[in-house]
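Line by line, the protein sequences give chains X and L. Using this note's numbering, you'd call the opening residue of the first sequence number 1 and step up by one each time. Using this note's numbering, you'd call the opening residue of the second sequence number 1 and step up by one each time.
Everything labelled a hint here was simulated from the structure, so no lab data went into it. Keep in mind that the hints are not guaranteed to be accurate.
Said to hold, decoys possible - Listed next, with one range per pair, are the computed distances between beta-carbon atoms:
| no. | chain 1 | residue 1 | chain 2 | residue 2 | range |
| --- | --- | --- | --- | --- | --- |
| 1 | L | 24 | X | 174 | 54 to 64 angstroms |
| 2 | L | 5 | X | 141 | 41 to 51 angstroms |
| 3 | L | 102 | X | 141 | 18 to 28 angstroms |
| 4 | L | 9 | X | 138 | 31 to 41 angstroms |
| 5 | X | 178 | L | 76 | 29 to 39 angstroms |
| 6 | L | 44 | X | 52 | 51 to 61 angstroms |
| 7 | X | 302 | L | 119 | 24 to 34 angstroms |
| 8 | L | 44 | X | 267 | 44 to 54 angstroms |
| 9 | X | 180 | L | 94 | 35 to 45 angstroms |
| 10 | L | 76 | X | 174 | 35 to 45 angstroms |
| 11 | L | 44 | X | 178 | 51 to 61 angstroms |
| 12 | L | 128 | X | 317 | 48 to 58 angstroms |
Since the model is a prediction, treat every value here as computed from it, not as a measurement. Using N, Cα and C, we set each Cβ at its ideal position, and we do this for glycine too.
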Amino acid sequence: MSAVSLTALRAALEGAIPSEIATCDALGTPNVSVISDVHYVDTDHVAISYQFFSKTRANILANPHATVLLKHPNTCAQYRLQLTYLRTELAGPLFETMRAKLAGIASHEGMSGIFHLLGADIYHVDGAEIVRGDLLPLPPPHAPLLAALRQTLPKVRAARDLDGLVAILLEALRSEFRLPHVMLLMADDACDRLYTVASQGYPESGVGAEILPGQGVIGVAARERTPIRITHATRDYLYGRAIRDALRASPMAAQLETEIPLPGLPDSGSQIAVPILGGQDLLGIIYAESPEAGRFGYDEEDALMILAAEAAAAMRQISAEADDVFTADDLATSTESGTPLLVRHYPADDSVFIDDEYVIKGVAGAILWFLLTEHARSGRVEFSNKELRLAPQIRLPEFSENLEARLILLRRRLAERSQVLALDKAGRGRFRLNLSRPVQLIEP
Amino acid sequence: MSLDPVVLALLAGPVAISVAGRNAELRPSVAHAYGCRAVEDGKLLRLFVLREETRQLLADITANGEVATVYSDVRSFRSVQIKGHGARIVPSDAADVARRAAHYRITAEELVALGYPSALAHGYFSVPARADFVTIEFAPRDVFRQTPGPGAGDKLAEGTTLDQSPDKKAGVA
Chain X
1 MSAVSLTALR AALEGAIPSE IATCDALGTP NVSVISDVHY VDTDHVAISY QFFSKTRANI
61 LANPHATVLL KHPNTCAQYR LQLTYLRTEL AGPLFETMRA KLAGIASHEG MSGIFHLLGA
121 DIYHVDGAEI VRGDLLPLPP PHAPLLAALR QTLPKVRAAR DLDGLVAILL EALRSEFRLP
181 HVMLLMADDA CDRLYTVASQ GYPESGVGAE ILPGQGVIGV AARERTPIRI THATRDYLYG
241 RAIRDALRAS PMAAQLETEI PLPGLPDSGS QIAVPILGGQ DLLGIIYAES PEAGRFGYDE
301 EDALMILAAE AAAAMRQISA EADDVFTADD LATSTESGTP LLVRHYPADD SVFIDDEYVI
361 KGVAGAILWF LLTEHARSGR VEFSNKELRL APQIRLPEFS ENLEARLILL RRRLAERSQV
421 LALDKAGRGR FRLNLSRPVQ LIEP
Chain L
1 MSLDPVVLAL LAGPVAISVA GRNAELRPSV AHAYGCRAVE DGKLLRLFVL REETRQLLAD
61 ITANGEVATV YSDVRSFRSV QIKGHGARIV PSDAADVARR AAHYRITAEE LVALGYPSAL
121 AHGYFSVPAR ADFVTIEFAP RDVFRQTPGP GAGDKLAEGT TLDQSPDKKA GVA
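Build out the structure end to end from the sequences listed, making use of the hints.
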């Protein structure tokens, strides 16, 4: 039996195989219990889920020593940890991470109703040893994550605008990280919601779909600003209908996007959401899912957190750089012909319908309506981000990255919904409204 | 005490088994057992462990005889904990060896039936070619229901069975 670092044992801390915990009461009677989750916290700490008051719990409160037996889910290796109980956390990021993980484990074991997390018991790891070594070889990794990061990070740092950054992230997640089903959501702090700016690997992109903090894997990751990972996807955290119902029930429902559903795999096996954090500010969420159970481990979480940190730095850099100055010389006009396109705007929620089909509402709806009215008034087709920021009709939240993100989602949404109306980039901080038919604006 | 037939049936089935002891400083030790054998309706239990995996546990049991064991059905997670004093380390006998082979076979086969890859199912319960087994023998003193969920840890009083509802608590493990 040899000593080993806790970090090297993380695969045995996924909850894939139940573990055993031995404790001892103050009178010297030992106790051994099967537990579903020993969670890696850092190189010196683990957390164990506290689900109901048990003899194990009574014992550790009286005598903090515990010993845990772990099994590797792939190699049949066994490890033993010597632990000392420190404290219990009843809320917060670690608690939520463990609650989501436990929900996945419980679903996997057919015990969803039983496994409710009451607390995360934090232990110091006094020692870790290998009881028996690997019997079977480790399966090859799904993706070479270090190589993926090395390939991707320079591209992320070189991104010149948010649109380019989004494209780089999606491409890297697909080709380098081998994650075919991903979504990128941006946070709207002022309005306390997340909106989908891009996705890939779904029949419907869901661009424009919104979600409230605290709802599902994505919403909990956003609210707690911590990665949330589910190794066996569970109803408790599925977004779909429950999330739309929550949106519709919200007091802010009129301001929320309830018409565009969030995409999702029908038989999702694993899910991960990592926050894109600029300091304490939540800028967005990278979300991935897989039909395969157990697809995302601690290594995938680490890699996506590094990617998200670089993406956050790039977003901050992009928004700090000034927009190009718009000059009147750039005025250009478009050539439109054919029957007019009927565009209807409802000021109450800024929803916009094209030929009676719903397109978008909220900030993106206000932007679209502003562009179309300005075009109708002056014939102009080129616009700058800066004038949008200054337009009183568009009530933008204070973070400027929100404007670019809204433009990206509007551009993508129009590309999906209309053959006639498009937004194209026209240099940094500028874009062009492309219309192939005349437009008739209607505001009831 | 002899054990309830339902408990004896659980112990004889496809179960994962762990054994715990503790040292003089009340720090617990724990290891996997490779099967168990009930003698005389469970008046004595004999558990098979690998010496190289259990040095601390064997030292603790030799020093003070305190033992806690848990048996968890791999199909249902139905579990029971059995504790005793005066446990001792004895050489494995021929009946232990036969029982260990049977336990390995039925447990691994059950895991395969549950959908685990064969290499994993057999791997978890396999032993080295030149395994140095010893037997931990003890007389059960207390039996506790240990299936996860409400009622886990309830002591099974004399005359009650594992499947009775846990409304009358005689103790908590």
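Quick rundown of the hints versus the structure:
no.	hint	in the structure
1	L:24 / X:174: 54 to 64 angstroms	58 angstroms, holds
2	L:5 / X:141: 41 to 51 angstroms	49 angstroms, holds
3	L:102 / X:141: 18 to 28 angstroms	38 angstroms, violated
4	L:9 / X:138: 31 to 41 angstroms	37 angstroms, holds
5	X:178 / L:76: 29 to 39 angstroms	37 angstroms, holds
6	L:44 / X:52: 51 to 61 angstroms	32 angstroms, violated
7	X:302 / L:119: 24 to 34 angstroms	28 angstroms, holds
8	L:44 / X:267: 44 to 54 angstroms	50 angstroms, holds
9	X:180 / L:94: 35 to 45 angstroms	57 angstroms, violated
10	L:76 / X:174: 35 to 45 angstroms	41 angstroms, holds
11	L:44 / X:178: 51 to 61 angstroms	55 angstroms, holds
12	L:128 / X:317: 48 to 58 angstroms	57 angstroms, holds
When held up to the earlier numbered hints, the structure conflicts with 3, 6, 9 and fits the remainder.
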